[in-house]
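A.B. asks: Here is how the chains run, residue by residue.
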Amino acid sequence: MRNTDRLAHNAFFYAIFAPALIIILFLTTYPIGTILRDSFYEYDFIRGTRFFVGFDNYRHIIGEELFQRSFQNTVIFTFAASFLEVFLGVLIAFLLYGEFRGKRAASLVIIFPMIISTMVICAIWQIFYHYEIGLFNYLLGLVGAGPVGWLTDRQMALFSVILVDIWQWTPFAFLIIQAGMGSIPRELFEAARIDGARSSQIAFRITLPILSGQILLVLMLRTLDTFRLFDKVYALTGGGPANSTQTLSFFIYREGFSFFNFGRASAASVITLFFVAFLALFYVRKLLREDD
Amino acid sequence: MRRTCLVLVVLILCAAAVFAGGKREEGVTTLTIAGRDGAFGTAMDLATQEYTRQNPNVRFEILKLSGAELMEQTVIELRGGTGAFDVLLVDDPFLPRIQDAGWLVNLDDLYREQGLEIDPDLVENMVNVGRYPYPSGDLYALPHVGNVALFAYRHDIASRYGYSAIDTWSDVLDIARRIDAEGDDTVPVLFRGVQGNPIVTGFLPIFWAFGADILVDGKPAFDTPEALAAVEFFLELAEYAPAGVTAYQATQVRDALLSGAGAMAIEVWPGWIGDLENPEQSDVVGKVSIAAHPGQVKGSSSMIGAWMVGIPRDSRNIDAAFDFIQYLTSAPVQEMMADKTGIPPTRHSVHHIPRLQEKYPWYPAQLAGQISGSVRPRTDYWPQIETVFGDYLQRALVGEVSAQEALQQIQRRVTEVLR
Amino acid sequence: MYRFRFYLQRALFWIALVAFLVIIVAPIYWMVITSLKNPREVISPIPTLFPHAPTLQNYGNVFSAGIWRNFYNTVVVAVSSTATAIVLAFLASYALVRFRFPLKINRLFLIWVLVVRILPPIVLAVPLFTVFNQVRLINTLAGLIIAFQIYTLPYSIWIIYGFLKSLPLEFEEAAMIDGASPGRILICIVAPLVRTGVIATSIFSLILAWNEFLFALLFVRTPRLLTLPVVISRYIGEYSTQWGELMAIGLMASLPILIFSNLVYRQLTQGFSMSLK
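Protein chains in written order, with the working numbering: chain G, 290 to 581; chain C, 25 to 443; chain E, 71 to 347.
Simulated from the structure, these hints should not be mistaken for lab results.
Treat the hints with caution; some may be incorrect.
Chain C is faced by these chain G residues, among others (derived, beta-carbon under 7 Å) [said to hold, decoys possible]:
1. Phe-417
2. Tyr-420
3. Gly-433
4. Ala-434
5. Leu-440
6. Thr-441
7. Gly-527
8. Gly-529
9. Phe-546
10. Ser-547
In this text, all values refer to a predicted model and were calculated from it rather than measured experimentally.
Glycine included, every Cβ here is placed at the ideal spot set by N, Cα and C.
Assemble the whole structure, with the sequences as input and the hints as a guide.
C.D. replies: As C-alpha cells, then:
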C-alpha cells in the first residue's frame, strides 16, 4: 500500500514535468547536436559538401582579429548594458516608491519602450542619431557643442547602440524591482526609522539586501539577452564603422548567411555557448544557493 | 463568469486559427513567389493580379522579403528541398552560387521543349546575366528588374559652375570643391558608406573608371597603381561627403537627394528613385539629372545589379511557373510595372516608349548601361571578397589605415579567401 | 528649515521623475508626430517638432494594406504561446520545487533551458527548420507557437520557479492530510496562491511572443499567416523607409499590449512581490 502510494506520488511529478521537458528537448537536442557536429567540419551549406577538419575551425576563428574584436565588443556591450539597465531600474524604482498622484500613469509610460517593436525603435533612434539632421546634434548645437558622430565615430558607435538597449530594456528591470519593493513590509522601514536610521542607511542596509534575489535574476536574464545582440547592430550600424560594433552574433550571422560557411558559424556558436554557459553558471549558483 | 466566457472564446478562436493551414481548391494551381519587398513587391502584386484575371485557375502567394531575408529563406528552403517555391527572384551576384548547387531549372530546355525562342527584344547582355557559367552557358533565369547603377546630380547646381554635363570624376571633384567653398548648405557628394556591400557598390564605379579591376585571370588585383589611384581619389572626394556618411544606407542617400539636401550622388539605382519626379514625395522635381557614370582613365562602365527570375528545380508547378515568368518579362507587363511602380524594364521596346521616357528621363542612360554594362565578378567567394573590401575601404575612409595599407590588406586577405 | 528641506526634496523628486519621463517619452512623441506627417515633411532636412499639415493618411494606408488578418494572427500566436508556456512552466516548476529528480536533473534542466536562450536565434533556426519541416509544422501557426517556446518557456519557468520556491509548504501539507489528491492540491491550492505571479509572467511572455521576428519570418511563408512584426519590417525597405506608415503601424501594434498591461497593472506589481524570497 505504502509502496503504491509512493509510486503514484512519484508518477505524478514525472507526469507534470514531462510536457515541458519534451518540448525543450524537441526544440534543443537536434539543433545543438547539429551545431556541435558541424563545428568540426568544413561545411559549405549551399553545395552541401562536408569535410572533417577536427579543431581547425576553432583554431582559425580564435586567431582572427575580427573574432577577437567581436568578442570584446560583445562583452563590453553585455556588461555595460545589463549593469546600467539594472542600476537605472533600481534607481527609478526607488524614485517611484511610495504613493503619489499619477504613479500608475508614470509606471505605464515607463514600460512603454519595451512594448514597441525593436525595428521601429531602431528606426527612430537612427533619425535621432543622424549626424546632419538628427535631434541629438541639433540639441548639442543649441548649447554650442560640436556635433557628435553618434553612429559614425569609432569610439562612439558601440556606446550609441548600448544607449538604445538601455532605453528599451531598463523598464524590464524597473518592473521586477518595483514589484520586489512592493513586497517589503512597511513595518520594517518604520521600525528602522524609529531606531533613527537615515534614508540612505535604510536603502543600503534593508531594501537592497532584500531585493538581491530580484536584482540577480534580472541581471542574469539581461546578460543572456544582451549577449545575443544582433538586430540593433544590423539596423543601426551594420557592424561599422571599421568593425567597432561587430558582435559575436553578427560574426556568426555573416559566416552562416553571407558566406554559408556553416562549419565556422557553428564553431563560433559553440565558443559563444561555452562562454555564456560559464557566465550563466555563476548566476545560477547564486540563485539556487538555498537549494542544497 | 464573464471572464471565463471571454477566455473560452479566445481559446476557441485560437484553436480554430492554429490548425487552419492552407486550403486547396480543386483545379486551381497556386504559385508561390519568393520575391522582394518595396516597389518590387507592389510590381509583383500588379503583375500577378493581371495574370490571374487572364488565367483564373492560377493563384499566387507572394513573399515580400528584404534582400538579406530573401537570401536566407531561399537557401533554407531550397536546401531543404521543400518544393515550396515556384518562382524565385535572385540578385545577380548570387546566381552563380545558387546554380553551383544546381537549384534552378534549365530554361533553355524548357524553351526547346515548347518550341519557343528567347525574345530578342530582351536586352541580350541582361539575358546573359542569367546564364551559368556566365556569359555563355545555359539559361537559368530571365531578367526581371533591369537595375544598373547610375550617377545623379543636380543640373541646376552643376550649371551654376559651368557644367552642362559631367564627363569625368575630376569634374565631380571640382564641383564638390566649389560647392564647398561657397559655403552652401548643400552637401556636395552622397554615397552609401555603411560597411560591407553598400560601401563597395558605392565605390565600384570609381574603381572601374580608374582602370582597376577586382579579379584579373581569377587572381585578386588590388595591389595595382590603378586601384591605389581610385582609392586615393575616393578618399579625396569623401572629404565633401556628409560627416556621417559611414552610417548612410540607401534610405539616407535617397532621402537626402529627394529633399534637396545633396547635390550629387555617386551611385543611385533606378529602383530607389522612382519618386524623383513625383511632387508628393520629392522637393527636386525637374532639377536632377540621372546619367551614366563619369569616366576617368577609362570610359564609364555601368554596374549591372539586375534581379533575375528563375524556377527552383523542386517546384511542383514548373510549367505554370515558366508560363508566368515569360508573362512577367513580357513587354506589356514591364510597361505597366514601370509606369506604376518605377521599376526598370529589361526590354529595348519598353525603354523607347515616349510616355515612360518623359516620366523617367534617365531611360536612355539606363538602356545604354544595360547594353554595355558589366557584372560584378562571378565567383563563389564574392560575399567574402565584398566583405573584406568593404571593411578595409571603410577603415581607410575613417582614417584608421592609409589607402596603400588598406589595399595591401585587401589583397592579402582576398588571396587567402580564394585559396 | 525642516519645511525647506521637505520642499527641496519634493522638487528634486519631481525634477528627476520628469527628466526620466522626458527621456522615455521623447522617442514616442517622435513616433506620434512622424506618423502624422506627410512624406515630404518627414524627410525635410530641418526636422519639425509639430506636423505642419497633420494627416491621418499614414494610418489609412496601413489599414488599407489589410493588417487585420496579421493582427489576428499575432493575437492568436502570442496568446497561445503564452498560455502554453505558462501552463507547462507552472507544472514543471512545481515538480522542480517539490520533487527531487534523480541525476541532478532539477539543476541541469534549469541551466539547459537557459542555454537555448544564449544562441543567436538564426543558428537555431536552420536545424529547427529541418525538424519542423519533417513533422509538417512549417507554415502553420501551430509551428510558430511551438517555436516561440524557445523564448517564452525558459523565461516562464525561471520566474514561476522563483514564486513557487517562496511558497510555504504548510498549505499543501494541510490539504494532503485532508486527503486531497496531488492534482487537486495543485489546481485548488497552489495555483490560486501564485496567481499574481503567473499573471506577471504572462505579460512578459506576451511581449516576447508579440514582437518575435525571426521565426515568424522563416517558418511562415503564406502571407495570410504572417504576424505583425514581419509586416512592420516591410515598411523599412533597403532603398527607402516609409517613415510615416512605419510609425503608424508601430504605434498601433503596441497599443493592445499597453491596454492589457494597464488592465492587469495592479496584479503586475503585486505579482512580483512574492518572487524569489
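A.B. asks: Among all the numbered hints in the text so far, which are the ones the structure does not match?
C.D. replies: 1, 3, 4
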